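When you get a sec, could you build the whole thing from the sequences and use the hints?
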Amino acid sequence: MKRRIADLHPFTVLCLAVLTVSVATAASRWWLNCAVIVLCLAVGAVAGKSRKLAALSGAIMLPTLLSLLMIHGLASQETSAVIAVWGPILLTLGGVEIAMALALRTAVLVVAGLLCGLLIDKHQLVAAIDLSPAPPQAGYLLASTLFLLPQMMEKQHAIGEAQALRKAGTGRGLAGWLQRLRLRAVPLVLSSVQDAHDRSVHLAARGFPARGEHSRLRQVADSQIQRGVRWVALLCSVLVPVAILLPLGGAS
Amino acid sequence: MSPNLLLPEASATQLLRRRVLGAAGTLLLVGTYLFLVITQPAGIVEGLGQGVALATFAAYLIAAVLLLLAVLPDLPVSALTLIPVALALNIILGQFVGSVMVPLYLDSMGTVLVGFLAGRRAGAATGVLSTLIWALFAPTVLPFAAGAALVGFLAGTAARYGALRRPYLAPIAGLVSGVLVGVVSSPVAAFVYGGTSGVGTGAVVAAFRSMGDSLLSAVTKQALISDPGDKAIVFLIAALLVFALPKRLSGSFEFIRRYKVLGKSGNK
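Quick mapping for you: the protein sequence lines, in order, are chains X and H. Throughout the first sequence, residue numbering follows my numbering, covering 1 to 252 in sequence. Throughout the second sequence, residue numbering follows my numbering, covering 1001 to 1268 in sequence.
Derived by calculation from the structure, the hints in this document are not laboratory data. Since this is a predicted model, take the numbers as computed values, not measurements. Heads up, the beta-carbon is just placed ideally off N, CA and C, and yes, glycines get one too. All the given hints hold, so there is nothing to weed out.
Residues from chain X that face chain H, not an exhaustive set, calculated with beta carbons under 10 Å:
(1) Ala27
(2) Met70
(3) His72
(4) Leu102
(5) Arg105
(6) Gly113
(7) Leu146
(8) Leu181
(9) Leu188
Covered by chain X, according to a simulated footprint, are these stretches of chain H (three or more residues, beta-carbon under 8 Å):
(10) 1079-1085
(11) 1136-1145
(12) 1201-1208
(13) 1237-1245
Each pair of labels, with its calculated beta carbon distance range:
(14) X:Gly160 with H:Ile1172: 24 to 34 Å
(15) X:His157 with H:Ser1214: 42 to 52 Å
(16) X:Leu190 with H:Gln1014: 33 to 43 Å
(17) H:Phe1035 with X:Arg166: 52 to 62 Å
(18) H:Ile1172 with X:Ala210: 41 to 51 Å
(19) X:Gln194 with H:Ser1011: 30 to 40 Å
(20) H:Pro1246 with X:Gln179: 16 to 26 Å
(21) X:Gln194 with H:Ile1172: 21 to 31 Å
(22) H:Ser1011 with X:Ser215: 23 to 33 Å
(23) X:Gln194 with H:Phe1137: 19 to 29 Å
(24) X:Ser215 with H:Gly1229: 42 to 52 Å
(25) H:Ile1172 with X:Arg216: 45 to 55 Å
(26) X:Gly176 with H:Gly1031: 46 to 56 Å
(27) X:Val82 with H:Thr1026: 42 to 52 Å
Printed below as a string of structure tokens:
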């Protein structure tokens, strides 16, 4: 099962996520949202990513939930039953219901989106974009960013260590923080822009971006069935929400 | 002459296609914004509320992707190699700032830097790409792609019309850009996420709501408090970084030379 999930084409995973999020958002039923979240966690568990998925989702959803409770629970303009009173602040039942409904709606997007990020192999995604009709620059930009990020993190860490060794930027307070930011950011930005400039000369000399057919070392497994699933998923992610929402529009 | 001697010039059909894509993206963004502001749909979780959320999410994201497809093939190689560096800078500096208790984001530093060095198209593309890649780690940022594109576009526009010729002009341009970005992004926060984009900002929105403001009005006022200050600081720091670049390096960007972005002395 784990192997089957890993073998899915990156675009298939993305299309299924779009379908899931759009249908769950349009339907706006708490039990459906909960079912989608549980299903995503189950798929994550099968793929061996459940802990990471739960931790990342929690890190995003906890502040979101608190914020929604503040906006709708405490500062509600609903005239519903009051749960608690703290001076001028009222916690209303209607406000809490709205906050929970919005949090569940957002949670579906967060959990499904993070699951996509965890399931999709970044190298496969870059290869799939390269093989798609998207502009050739898109694949380069994605690949380059994903592989530059750890390098630049390392460079930033090394710059920080070097500045600490020469006892630069050790001040306290806001001034010290600004000095540390300057001492890290300036060498990092200057060296990175210089590297990018050098790279552009070499790439331009090699005729980048290459157009037309070119050989690739990495192949992305795909099938007729997966292509069909992608089309159906995209079509349904438009048609199903319309079918759900049209009767509501007529009724209002 | 083509910037790359090995590549053919773009045909008239390709140019027309890009212009149509750009116009469609802009129209979709402006149309959705105007529709939301004029109609101000009520009931964000019941009735047609979920339809409004879905439509806003889709329209803002599709508009950003259309704008990206319109500008990407036009970008010179020097801009294309600078964009990944800017995306990494957005994430690294954003994390460094986020790791300390300073009320700044600075997560659009790379986008503004590209706008200053390579122009508004490259800046807009960097904003969209930054959001799309960041969405792999935080999916909620996806519909804010259009706002991020606007940051890069406005940075490029400001540089083109002289915001970097005097150091004090950069934060003023940032302030104005922050107002526009806040106004454009607030319908997403209001109608897609119910007004939230963090605990700190949620408290401000809640304060405005308790004074009787509508959700969109409260979110817009919160954005007008947070965004201009942040963008003013980002524009100032990015401008100082551009000033610190060796003239040989900054002068290698065609945008800097063509529009005399750094004044006469910067183009030698």
